[in-house]
Amino acid sequence: MMIDRTSIPADTKYLTPASIAAIAVVAVALVMLPFVWDNRFYISLINEMLIFGLLAMSLDVLLGYTGLLSFMHNAYLGIGAYVVGLFLIHISPTSIWFAALVGIAATSLIALPVGWVQVRTGGLAFALLTLAFGMMFHTVVWKWYSLTGGDDGLMGVPTPEVHLFGWSLGTTGDPKVMYLTTVVVVGLCYLLTRRIIHSPFGSVLEAIRENEDRAAFVGINVRRYKLYGWMLACMLASIAGALFILYKGYIGPTTMSAFSGAGVLMMVLLGGMGTLWGPLIGAVIFIYISDYISTMTEHWEIYLGLVVILLVLFLPTGFVGIGDHLKRFLKRKG
Amino acid sequence: MEEFLCTEDLCRHFGGVMATNKVCIDIEANGLRSIIGPNGAGKTTFINVVTGRLPASSGKVTFRGRDITNKPTHKLVKMGICRTFQITSIFQNLTVFENVRIAKQARLGGSLRVFSARKSLKAVTEQTWAILERLELQDLADQPAKNLAYGDQRVLEVAIALAGEPQILFLDEPTAGMSPAETQHISELIRGLADEISVVLVEHDMDLVMSISDVISVLHYGSIIAEGKPEEIQNNEMVREAYLGKEE
Numbered sequence: 001m002m003i004d005r006t007s008i009p010a011d012t013k014y015l016t017p018a019s020i021a022a023i024a025v026v027a028v029a030l031v032m033l034p035f036v037w038d039n040r041f042y043i044s045l046i047n048e049m050l051i052f053g054l055l056a057m058s059l060d061v062l063l064g065y066t067g068l069l070s071f072m073h074n075a076y077l078g079i080g081a082y083v084v085g086l087f088l089i090h091i092s093p094t095s096i097w098f099a100a101l102v103g104i105a106a107t108s109l110i111a112l113p114v115g116w117v118q119v120r121t122g123g124l125a126f127a128l129l130t131l132a133f134g135m136m137f138h139t140v141v142w143k144w145y146s147l148t149g150g151d152d153g154l155m156g157v158p159t160p161e162v163h164l165f166g167w168s169l170g171t172t173g174d175p176k177v178m179y180l181t182t183v184v185v186v187g188l189c190y191l192l193t194r195r196i197i198h199s200p201f202g203s204v205l206e207a208i209r210e211n212e213d214r215a216a217f218v219g220i221n222v223r224r225y226k227l228y229g230w231m232l233a234c235m236l237a238s239i240a241g242a243l244f245i246l247y248k249g250y251i252g253p254t255t256m257s258a259f260s261g262a263g264v265l266m267m268v269l270l271g272g273m274g275t276l277w278g279p280l281i282g283a284v285i286f287i288y289i290s291d292y293i294s295t296m297t298e299h300w301e302i303y304l305g306l307v308v309i310l311l312v313l314f315l316p317t318g319f320v321g322i323g324d325h326l327k328r329f330l331k332r333k334g
Numbered sequence: 335m336e337e338f339l340c341t342e343d344l345c346r347h348f349g350g351v352m353a354t355n356k357v358c359i360d361i362e363a364n365g366l367r368s369i370i371g372p373n374g375a376g377k378t379t380f381i382n383v384v385t386g387r388l389p390a391s392s393g394k395v396t397f398r399g400r401d402i403t404n405k406p407t408h409k410l411v412k413m414g415i416c417r418t419f420q421i422t423s424i425f426q427n428l429t430v431f432e433n434v435r436i437a438k439q440a441r442l443g444g445s446l447r448v449f450s451a452r453k454s455l456k457a458v459t460e461q462t463w464a465i466l467e468r469l470e471l472q473d474l475a476d477q478p479a480k481n482l483a484y485g486d487q488r489v490l491e492v493a494i495a496l497a498g499e500p501q502i503l504f505l506d507e508p509t510a511g512m513s514p515a516e517t518q519h520i521s522e523l524i525r526g527l528a529d530e531i532s533v534v535l536v537e538h539d540m541d542l543v544m545s546i547s548d549v550i551s552v553l554h555y556g557s558i559i560a561e562g563k564p565e566e567i568q569n570n571e572m573v574r575e576a577y578l579g580k581e582e
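As they're listed, the protein sequences go chains A and B.
Numbered according to the working numbering, the first sequence spans residues 1 to 334.
Numbered according to the working numbering, the second sequence spans residues 335 to 582.
Some hints could be false.
So the derived label-pair ranges between C-beta atoms look like this [what the hints assert, rightly or not]:
(1) A:Arg224 x B:Lys394: 23 to 29 Å
(2) B:Phe449 x A:Val36: 33 to 39 Å
(3) B:Glu362 x A:Ser19: 50 to 56 Å
(4) B:Lys480 x A:Leu109: 37 to 43 Å
(5) B:Gln518 x A:Ala125: 53 to 59 Å
(6) A:Trp167 x B:Asn481: 51 to 57 Å
(7) B:Arg468 x A:Leu315: 58 to 64 Å
(8) B:Leu442 x A:Trp144: 26 to 32 Å
(9) B:Gly511 x A:Leu313: 51 to 57 Å
Pulled from the structure, derived: some chain B residues nowhere near chain A, Cβ distances all over 10 Å [claimed, not checked]:
(10) Gly350
(11) Ser423
(12) Leu428
(13) Thr429
(14) Phe431
(15) Glu432
(16) Ile436
(17) Phe449
(18) Glu467
(19) Leu469
(20) Pro514
(21) Gly526
(22) Asp541
(23) Ser557
(24) Glu571
Pulled from the structure, derived: some chain A residues nowhere near chain B, Cβ distances all over 10 Å [unchecked claim]:
(25) Ile3
(26) Ser7
(27) Tyr14
(28) Ala24
(29) Leu33
(30) Pro175
(31) Ile196
(32) Gly202
(33) Val204
(34) Phe217
(35) Val218
(36) Ile220
(37) Asn221
(38) Ile287
(39) Leu304
No wet-lab data here; the hints were simulated from the structure.
Note that CB positions come from ideal geometry on N, CA and C, so glycine has one too.
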């Protein structure tokens with residue numbers, strides 16, 4: 001057998017013809033949607049799904065690729081959102097892109113020392129530290145009334161105009177404009193993250209996920225790369241945070257609670273971790289179910305819990321594993 | 335002649351137990367050194383301390399004249415100090431190729447490239463193929479490592495270590511649990527390596543140790559009690575006592 005020494009066997013490719021086609025179809029459908037179906041409620045709902053999809057995807061970088069569990073990744077969405085909101089209220093109500101950059105930078109600045117401490121551990125200790133730091137941030141936001149509005153949340157966030165190459169699309173107060181902004185930003189983040197995951201850098205994260213000890217013994221500085229993975233995940237979460245505050249015009253401390261953090265984790269597990277697109281689907285399922293059930297009962301969390309339990313029991317690999325399940329099911333029948 | 339890898343009064347204790355007790359060893363820049371000893375003699379602990387998996391309690395490790403005591407593992411690997419593990423330690427869900435490729439990438443650099451494809455690191459890909467061919471693993475390249483037979487996993491572990499371009503390679507019981515044919519295969523491989531680099535072998539299979547070692551060190555209760563050529567060790571009274579107990 002002749003071996004092509006320049007090729008990598010069973011290499012996971014950044015883009016294949018099939019994935020390009022799938023991404024193109026989804027992208028076109030999402031962009032066209034508000035023009036053919038002008039339903040404000042559903043456009044807003046999909047907007048929210050995409051924002052939390054980005055957050056779940058950022059958690060997947062950590063959980064599915066680096067093998068690190070964060071219980072409160074929503075904290076970094078929250079920090080990004082508060083910073084962007086405060087910037088728009090107090091400094092400049094119109095500079096939308098600059099506000100977003102400040103949000104990402106501020107979140108990174110906070111995530112860096114936290115990550116520095118956390119990567120000194122692994123496994124359960126790492127997960128517990130994420131919970132400890134997350135609860136601290138939650139409490140700060142909740143109690144620092146003069147800055148964050150405490151319980152009442154951050155209100156009166158301006159709705160800046162969305163500029164693209166000097167061309168105004170309208171303000172973020174217009175659901176359609178906000179929705180299209182979200183589609184573009186989340187789409188770009190997905191492509192960028194996918195690119196990074198398939199790079200040599202991504203392979204280092206996977207090696208750490210598979211076997212931290214072995215990774216150190218092939219010469220990888222495990223702590224440093226865990227920190228890089230953490231920073232990437234937090235920066236993506238802060239982008240979701242910037243979108244969140246622009247979309248809602250409001251953020252309260254519950255968005256940063258441990259309860260909401262568990263929800264993000266469920267999105268990743270429901271969709272299927274280690275795939276990037278799985279958690280995006282997971283966010284869609286999770287938000288759809290919670291929205292649907294909450295219209296019927298105010299104790300919707302109980303029923304959501306039941307649905308999640310059933311899904312985890314019968315689809316342990318998440319939504320992405322549904323194809324394999326169906327195949328096996330049909331084989332047994334046939 | 336420049337010293338290669340030396341330890342000076344190296345100690346490691348767990349509570350009151352001296353697992354490694356004032357070990358002084360002077361390992362040559364090539365050839366095959368075996369470390370033997372009864373169960374619990376502290377062979378694995380010794381390797382763990384030298385390769386940076388466990389911190390030393392006291393004493394010193396030097397490599398080419400530099401003090402490397404308690405340096406982080408990844409730095410030791412970059413200096414050419416590599417190892418395999420007694421309990422197979424590989425990247426289970428990655429392909430055989432990727433297992434070796436990641437080690438090669440860590441060696442040659444390029445891990446901070448975030449926007450290029452993995453195969454853009456051409457030297458990494460080529461040298462990975464070369465290692466797989468040398469160890470006859472090329473036909474399994476696309477298989478997830480967890481699907482491999484146990485013996486092949488042990489060989490893969492050696493392949494991962496070799497990708498780090500070691501100057502000294504520590505092999506912790508590489509033949510444990512292998513069939514006679516697999517043992518034969520890996521012993522030829524080890525002998526071949528020892529002609530190029532320094533190999534330190536921890537092994538229980540005495541026939542294997544006696545047939546391929548250049549020098550043997552015997553550990554007993556954490557200390558070296560004998561050192562010499564295989565035939566010298568075989569005739570050493572203290573070694574017999576350590577293994578068989580004192581004759582009454």
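The hints, checked one at a time:
1. A:Arg224 x B:Lys394: 23 to 29 Å: Distance hint for Arg224 (chain A), Lys394 (chain B) holds at roughly 27 Å.
2. B:Phe449 x A:Val36: 33 to 39 Å: holds (35 Å)
3. B:Glu362 x A:Ser19: 50 to 56 Å: The hint (50 to 56 Å, Cβ to Cβ) holds, given that Glu362 (chain B) and Ser19 (chain A) are roughly 53 Å apart.
4. B:Lys480 x A:Leu109: 37 to 43 Å: Since the Cβ atoms of Lys480 (chain B) and Leu109 (chain A) sit about 41 Å apart, the hinted range of 37 to 43 Å holds.
5. B:Gln518 x A:Ala125: 53 to 59 Å: violated (44 Å)
6. A:Trp167 x B:Asn481: 51 to 57 Å: holds (54 Å)
7. B:Arg468 x A:Leu315: 58 to 64 Å: Because 43 Å falls outside the window, the suggested range is violated.
8. B:Leu442 x A:Trp144: 26 to 32 Å: violated (49 Å)
9. B:Gly511 x A:Leu313: 51 to 57 Å: Since the Cβ atoms of Gly511 (chain B) and Leu313 (chain A) sit about 36 Å apart, the hinted range of 51 to 57 Å is violated.
10. Gly350: At about 27 Å from chain A, Gly350 (chain B) clears the 10 Å cut-off, so the statement holds.
11. Ser423: About 5 Å separates Ser423 (chain B) from the closest Cβ of chain A, which leaves it inside 10 Å; violated.
12. Leu428: Not fine: 6 Å to the nearest Cβ puts Leu428 (chain B) too close to chain A.
13. Thr429: Given that some Cβ of chain A is not farther than 10 Å from that of Thr429 (chain B), nearest at about 5 Å, it is violated.
14. Phe431: violated (5 Å)
15. Glu432: violated (7 Å)
16. Ile436: violated (5 Å)
17. Phe449: Nearest chain A Cβ is 6 Å from Phe449 (chain B), so the label is violated.
18. Glu467: Given that some Cβ of chain A is not farther than 10 Å from that of Glu467 (chain B), nearest at about 8 Å, it is violated.
19. Leu469: holds (14 Å)
20. Pro514: Fine: 28 Å to the nearest Cβ keeps Pro514 (chain B) off the interface.
21. Gly526: holds (22 Å)
22. Asp541: holds (29 Å)
23. Ser557: holds (27 Å)
24. Glu571: Non-interface label on Glu571 (chain B) holds, nearest chain A Cβ at 38 Å vs cutoff 10 Å.
25. Ile3: Non-interface label fails for Ile3 (chain A): nearest chain B Cβ at 6 Å, not farther than 10 Å.
26. Ser7: Since the minimum Cβ distance to chain B is about 7 Å, Ser7 (chain A) lies within 10 Å and the statement is violated.
27. Tyr14: violated (6 Å)
28. Ala24: Consistent with the label, Ala24 (chain A) stays out of reach of chain B, its closest Cβ about 20 Å off (over 10 Å).
29. Leu33: holds (30 Å)
30. Pro175: Since the minimum Cβ distance to chain B is about 34 Å, Pro175 (chain A) lies beyond 10 Å and the statement holds.
31. Ile196: violated (5 Å)
32. Gly202: At about 8 Å from chain B, Gly202 (chain A) fails to clear the 10 Å cut-off, so the statement is violated.
33. Val204: At roughly 5 Å from the nearest Cβ of chain B, Val204 (chain A) sits no farther out than 10 Å, so the non-interface label is violated.
34. Phe217: The claim is violated: Phe217 (chain A) sits with its nearest Cβ about 6 Å from chain B, within 10 Å.
35. Val218: Answer for Val218 (chain A): violated, closest chain B Cβ roughly 4 Å.
36. Ile220: violated (5 Å)
37. Asn221: violated (5 Å)
38. Ile287: With a cut-off of 10 Å, Ile287 (chain A) remains clear of chain B, as the shortest Cβ separation is near 30 Å.
39. Leu304: The claim stands: Leu304 (chain A) keeps its Cβ more than 10 Å from every Cβ of chain B (closest is about 31 Å).
Hints 5, 7, 8, 9, 11, 12, 13, 14, 15, 16, 17, 18, 25, 26, 27, 31, 32, 33, 34, 35, 36 and 37 from the earlier list are contradicted by this structure; the remaining hints agree with it.
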